[in-house]
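Chains as they are written, first to last, in my numbering: chain B, 1 to 148; chain C, 1 to 141.
FYI, nobody ran anything at the bench for these hints, they're computed from the structure.
Among these hints, one or two may not hold up.
As the list claims (entries may be wrong) - Chain C regions said to be covered by chain B (calculated; three or more residues, Cβ under 8 Å):
1. 22 to 34
2. 43 to 51
3. 80 to 86
4. 93 to 104
5. 117 to 124
Claimed, not checked - What the simulated footprint calls covered on chain B by chain C, stretch by stretch (three residues with Cβ under 8 Å from a Cβ of chain C suffice, anywhere in the stretch; the number is not a length):
6. 8 to 17
7. 29 to 43
8. 49 to 56
9. 78 to 90
10. 117 to 124
Glycine included, every Cβ here is placed at the ideal spot set by N, Cα and C.
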Amino acid sequence: MKRILAAGFAGAVFGIGLAISGMTDPNVVLGFLDVAGAWDPSLAFVMLGAVATTTLLFRLVLRRGRPVFDPDFHFSMSRALDRRLVVGAGAFGVGWGLSGYCPGPVLVGAAAGAWTALVFVPAMLAGAWLQRRMTRVASMTPGRGQTE
Amino acid sequence: MHPWLSALLGGVLIGVSATLLLWLNGRIAGISGIAFGLLQRSGMGEWAWRIAFLGGLMIAGGIALHVIGQSALSPARWPVLVVAGLIVGYGTSLGGGCTSGHGVCGIGRLSKRSIVATIVFVATAMATVYVVRHVVPGGVA
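Can you make the complete structure from the sequences, with help from the hints?
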């Protein structure tokens with residue numbers, strides 16, 4: 001139960017952070033990605049705030065040896081810079097650039113009732129489902145490197 | 001508030017959330033991983049924390065968006081949204097993460113994979129926006 005409440009609370013903080021940051025507005029995101037146009041650096045400040053916080057605080061958390069409500073930390077154990085990583089990230093960027101949506105902000109947008117997000121989310125889930133199904137068929141090792 | 005300042009503050013909140021999830025539950029706050037984990041068979045406990053996180057994200061984020069009064073509409077037309085959605089789902093599932101998992105958490109723990117992934121997806125996103133806005137006449141989105 002504690003684990004569920006902790007997850008719900010962390011999710012709420014994440015959602016509020018996304019809304020305040022401006023990242024839930026695809027036009028702000030596309031303004032950052034449009035380096036040849038009227039470049040809007042806002043998104044760089046979101047990343048800066050987030051990465052500075054995690055870089056600083058993750059170190060303290062990992063020093064504890066184990067999480068508060070769980071016996072272990074759950075990380076992707078994959079260390080390889082393989083083709084899956086590069087092709088997957090590259091494809092993700094294309095979809096992100098076409099729409100201005102990535103998974104977190106689009107879920108918030110859908111919850112707020114934006115119709116473009118409501119079109120995007122089912123397609124996104126279908127894409128992920130398809131990838132997982134193809135991997136399962138191809139290698140019989142479901143979930144490899146997919147903890148994030 | 002100046003948009004850069006609210007961007008910074010929102011970013012810090014995202015970082016605090018990721019830290020809470022790692023500190024309390026030992027989990028990486030990668031939205032694609034948390035959401036797509038629901039697509040495969042797993043125990044009740046796995047399912048429950050993922051639903052709780054996404055529920056908190058959507059309810060609190062949705063309310064915050066209404067309070068702030070900011071738009072979440074994409075300028076893309078619906079066929080482009082469908083294609084983009086499929087690619088984002090497929091790509092983040094294959095690459096094991098998105099802006100939050102690789103970008104915020106992965107860089108936070110200095111993962112080489114995540115740093116490479118982030119450079120790659122920002123680069124292809126910028127290239128895509130360049131083509132859509134400055135190369136294709138009239139734009140496809």
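query = Any of the earlier hints contradicted here, and which numbers?
reply = none
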